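Put together the whole structure using the sequences plus the hints.
Just so we're aligned: the sequence shown equals residues 25 to 144 in this note's numbering.
Keep in mind that the hints were calculated from the coordinates and are not lab data.
All figures in this text were calculated on a predicted structure; none of them were measured in a lab.
Please note that the accuracy of each hint is not assured.
[What the hints assert, rightly or not] With a cut-off of at most 35 Å between alpha-carbon atoms, the simulated DSBU-like pairs for lysine-lysine come out as follows:
# : residue 1 : residue 2
1 : LYS81     : LYS115
2 : LYS122    : LYS133
3 : LYS84     : LYS97
4 : LYS122    : LYS139
5 : LYS139    : LYS115
6 : LYS68     : LYS133
7 : LYS68     : LYS84
8 : LYS86     : LYS139
9 : LYS86     : LYS107
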Amino acid sequence: MKTLVFFLCLVLAVLADEKYETINEDFDVAQVLENERLLNSYAKCLLNKGPCTPEVKKVKDKLPEALETHCAKCTDRQKAMGKQLAQEVQKRYPDLWKELVALYDPEGKYQDAFKEFLAN
Numbered sequence: 025m026k027t028l029v030f031f032l033c034l035v036l037a038v039l040a041d042e043k044y045e046t047i048n049e050d051f052d053v054a055q056v057l058e059n060e061r062l063l064n065s066y067a068k069c070l071l072n073k074g075p076c077t078p079e080v081k082k083v084k085d086k087l088p089e090a091l092e093t094h095c096a097k098c099t100d101r102q103k104a105m106g107k108q109l110a111q112e113v114q115k116r117y118p119d120l121w122k123e124l125v126a127l128y129d130p131e132g133k134y135q136d137a138f139k140e141f142l143a144n
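What follows is the structure, given as structure tokens:
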């Protein structure tokens with residue numbers, strides 16, 4: 025479950041020295057949630073079912089590290105946006121969420137960290 029959190033918070037990020045560098049500070053979380061085509065495009069990339077934009081490819085490449093480190097290099101803004109997106113995707117697109125979790129956390133080893141992330 026934590027997978028999508030990191031995907032969505034890292035949509036804005038690329039790896040920098042200490043933190044993931046923000047690509048677009050004006051990223052509109054609501055726009056992604058309201059634009060099913062855009063959301064599906066991002067998801068297809070992450071699920072290896074479609075092409076990736078350069079920005080989403082960067083996210084996909086950083087996803088394993090972000091999961092392992094519990095988003096240690098994410099900025100506070102990235103974490104907040106990721107939390108908002110994760111909560112909404114879980115609620116509005118549960119099938120998509122299940123697919124992402126199945127691919128990126130098949131053993132469920134990030135479940136506890138994810139619950140803690142959403143609780144804070």
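Hint-by-hint comparison with the structure:
| no. | hint | verdict |
| --- | --- | --- |
| 1 | LYS81 to LYS115 | holds, 25 Å |
| 2 | LYS122 to LYS133 | holds, 15 Å |
| 3 | LYS84 to LYS97 | holds, 15 Å |
| 4 | LYS122 to LYS139 | holds, 15 Å |
| 5 | LYS139 to LYS115 | holds, 15 Å |
| 6 | LYS68 to LYS133 | holds, 23 Å |
| 7 | LYS68 to LYS84 | holds, 11 Å |
| 8 | LYS86 to LYS139 | holds, 21 Å |
| 9 | LYS86 to LYS107 | holds, 17 Å |
Of the numbered hints given earlier, the model fails none.
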